[in-house]
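Same order as they appear, the protein sequences are chains A and B.
For the first sequence, position 208 (counting from the first letter as 1) is numbered 218 according to our numbering, and the numbering increases by one without interruption.
For the second sequence, position 195 (counting from the first letter as 1) is numbered 204 according to our numbering, and the numbering increases by one without interruption.
Treat each hint with caution, since some may be false.
Listing some non-contacts, in silico: residues in chain B with all C-beta distances to chain A over 12 Å [to be verified]:
{"#": "1", "residue": "Gly33"}
{"#": "2", "residue": "Val148"}
{"#": "3", "residue": "Gly174"}
{"#": "4", "residue": "Ile195"}
{"#": "5", "residue": "Gly255"}
{"#": "6", "residue": "Gln268"}
{"#": "7", "residue": "Ala272"}
{"#": "8", "residue": "Ala275"}
{"#": "9", "residue": "Val375"}
Okay, derived cross-link-like pairs now, EDC-like style, lysine to aspartate or glutamate, Cα gap no bigger than 20 Å in a straight line [as the list claims (entries may be wrong)]:
{"#": "10", "chain 1": "A", "residue 1": "Lys21", "chain 2": "B", "residue 2": "Glu279"}
{"#": "11", "chain 1": "A", "residue 1": "Lys21", "chain 2": "A", "residue 2": "Asp56"}
{"#": "12", "chain 1": "A", "residue 1": "Lys27", "chain 2": "B", "residue 2": "Asp265"}
{"#": "13", "chain 1": "A", "residue 1": "Lys21", "chain 2": "B", "residue 2": "Asp199"}
{"#": "14", "chain 1": "A", "residue 1": "Lys163", "chain 2": "A", "residue 2": "Glu31"}
{"#": "15", "chain 1": "A", "residue 1": "Lys21", "chain 2": "B", "residue 2": "Glu278"}
Simulated restraints on C-beta separations [to be verified]:
{"#": "16", "chain 1": "B", "residue 1": "Gly229", "chain 2": "A", "residue 2": "Pro65", "range": "22 to 32 Å"}
{"#": "17", "chain 1": "A", "residue 1": "Pro65", "chain 2": "B", "residue 2": "Gln235", "range": "47 to 57 Å"}
{"#": "18", "chain 1": "A", "residue 1": "Val98", "chain 2": "B", "residue 2": "Arg305", "range": "29 to 39 Å"}
{"#": "19", "chain 1": "B", "residue 1": "Arg334", "chain 2": "A", "residue 2": "Asn78", "range": "11 to 21 Å"}
{"#": "20", "chain 1": "A", "residue 1": "Pro65", "chain 2": "B", "residue 2": "Ala323", "range": "53 to 63 Å"}
{"#": "21", "chain 1": "A", "residue 1": "Pro233", "chain 2": "B", "residue 2": "Leu260", "range": "48 to 58 Å"}
{"#": "22", "chain 1": "B", "residue 1": "Val227", "chain 2": "A", "residue 2": "Thr93", "range": "17 to 27 Å"}
{"#": "23", "chain 1": "B", "residue 1": "Val227", "chain 2": "A", "residue 2": "Val98", "range": "53 to 63 Å"}
{"#": "24", "chain 1": "A", "residue 1": "Arg79", "chain 2": "B", "residue 2": "Tyr269", "range": "38 to 48 Å"}
{"#": "25", "chain 1": "A", "residue 1": "Asn78", "chain 2": "B", "residue 2": "Gln235", "range": "28 to 38 Å"}
{"#": "26", "chain 1": "B", "residue 1": "Val307", "chain 2": "A", "residue 2": "Thr93", "range": "41 to 51 Å"}
{"#": "27", "chain 1": "B", "residue 1": "Glu306", "chain 2": "A", "residue 2": "His48", "range": "29 to 39 Å"}
Hints listed in this document are in silico derivations from the structure and should not be mistaken for laboratory results.
For clarity, every value in this text was computed on a predicted model and none was experimentally measured.
Idealized CB from N, CA, C, for every residue including glycine.
One-letter residues, chain by chain:
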Amino acid sequence: MRVLIVEDEPKMLGFLKQGLEEQRYVVDSALNGDDGLHWALNFPYDLIILDVMLPGLDGLEVCQQIRNRRILTPILMLTARDTIDDRVTGLDRGADDYLVKPFAFRELLARMRALLRRDTQHGSSVLQIGDLTLDTVSHSARRGEKQIELTTKEYELLEFLMMHPNQVLSRTVIAEHLWNYDFSPESNVVDVYIRYLRRKLDDGYEEKVIRTIRGTGYQLVHPDYA
Amino acid sequence: MILCCIQVVLGGAFYILISNWLLGQSDSTLSATAAQVSATLQGADLIDDGLLKFQFNDPDEPTDAFLQERKFFIRLINRRTGQIVESSASYEVAVSSQALLPSASYETLRSAGTSMRVYSYPFDEGDYSLQVGVSLEEVNATQAQIMRLTALAVLISIVLGGGTGLFLANRALVPIQAITRTAQQISERDLSKRITRPLVDDELGQLAQTFNTMLDRVEGAFQRQQHFTADAAHELRTPLSIMQTGIDVVLSQARDAAQYRAALEAVQEEVQRLTSLTVGLLTLARADSHTLTLNREVTDLSLLINTVIDQVTAVAEQKQITIQREIVPCLALNMDEGRIIQLALNLIENAVKYTPEGGAVTVIVVQTGDTVSLSVADTGPGIPPEYLPRVFDRFYRTDRSRSRDQGGVGLGLAIAQHIAQLHGGEINVWSQVGVGTRFTVTLPVS
């Protein structure tokens, strides 16, 4: 899951980036509204964390311009202002959630998970497709009774596939959501990670969960829809 | 109510006066008639033949009929016996004791349902009493009429007066009620309500105007206060949130010593910022409540400024900034040394902060007349004119993020202004974009 953080306090931004990366998010960051808007308009984020008070374009304007471009990526606003007016304005300008500083980092993570699963068929932080389950809090995966150990990138890939079951995802789309701006891999790197994941998920099973759509990309098969 | 009573009393007095005047009128008619009759009778031998023949102007007209028509009677009474000697036939009136008195007198007697005003007049050397009477019928009728008219007038005036009073009172009360309603609607949540001004520019119009002006001031003060509170909350929350997020993230998994150290250093910086923010807010709160007092003593301002510059020089040298001094030596001033150091440090540190590498800061201290001025000029980017009036506002920053990088909390200039004002002086700013900024503090010598 690729996340954009727009926050003007360098220290705050540093801690947030570190914390989210440790939670297996792919993170881009911007220190002001103009840069933040540029990133948001040009890369396919799964979530945007936006501070309200920013030099240059403020968070409310960035939010509005993102929405004006019909980009419906969930936006979570952070602010040190907590009047009802501030919150109402933020939500009305197109934010999906609002968190007042200072906040507990755990709460930020929980709200992010809630926003990320909102447009999926998953009702909780545990994603389940057939006999495959992925706990997005503990980052543990199982198939049936079998516990599956995943590396960070394998986890990120599986989470992204499970958030979009039955959708055919191109290598480019997968790459864009799994790596940030600092590392843009060739699309065959995606193939390597798919191979890793298949070895752990599908080896020894009759039913394969990951299907290759020739010339297009990959698909995580939901048995109910297969 | 009081008005009603006054009107009734006045009406009564008017009636009594008119009645007395009417009575007086009939009395003088009576005495005149009596004098005329007595003159006519003088020398007549009426007593002898026991016949009284009254003669009036018109000898042809029968006297009785004449008298009857005018509702008069005339009679002669023997004062010793009290018997009526002779009488016109017009009225039957009993003889009262007053008629037998040796002097002229008036009295009101009753006869067959009619009031008679009777004038008794000693006649024929006091042996007889000549009485002239007149019916008070007309006088009574007039009195009754006057009574009715007066009562009507009083009634009308009460109704009219009351109505007019009520109308006027209402007219006066309506705007007051409007003011009351508006006042009731005003609360800290909504200070925007204003009284619709009455069309007339009377006392109420002025009251409404005064009230609205006061509301403008209160609303302005309240907005400034809310702004300040929101800014203060923001400034306090920012370091707190950096600390909380930093601690949360670092504690979320085991780390090596270097990572803990880096996190603790970041937290330490934020604690220092919170501390200076708290001290600044406390200073301003004390200044606001007028509990910020000065410990004045005569101190050498020149030495103080030189020492402050020495203190800042190390930081300036790192940025290759030269601090030029034009300081008149030995300027003794009665001041709070600690506060003036705070003020000077703030201005000179700010100047160094905003001056780019290789620039210059100029500090000038001079005495002109009975004021001493300290000016600190930088060669920084300058402040756009639209921001200048607000540079002394709390938490006001032309570029929020940049000045935070440089460790400012946004209260220094507000505090500097307070310190200058407490010393009876003032602080002013001059700035031009691209040229630089100059702050000038003037303090009175005495």
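Hints not upheld, ascending by number:
5, 6, 7, 8, 11, 13, 17, 18, 19, 20, 21, 23 and 27
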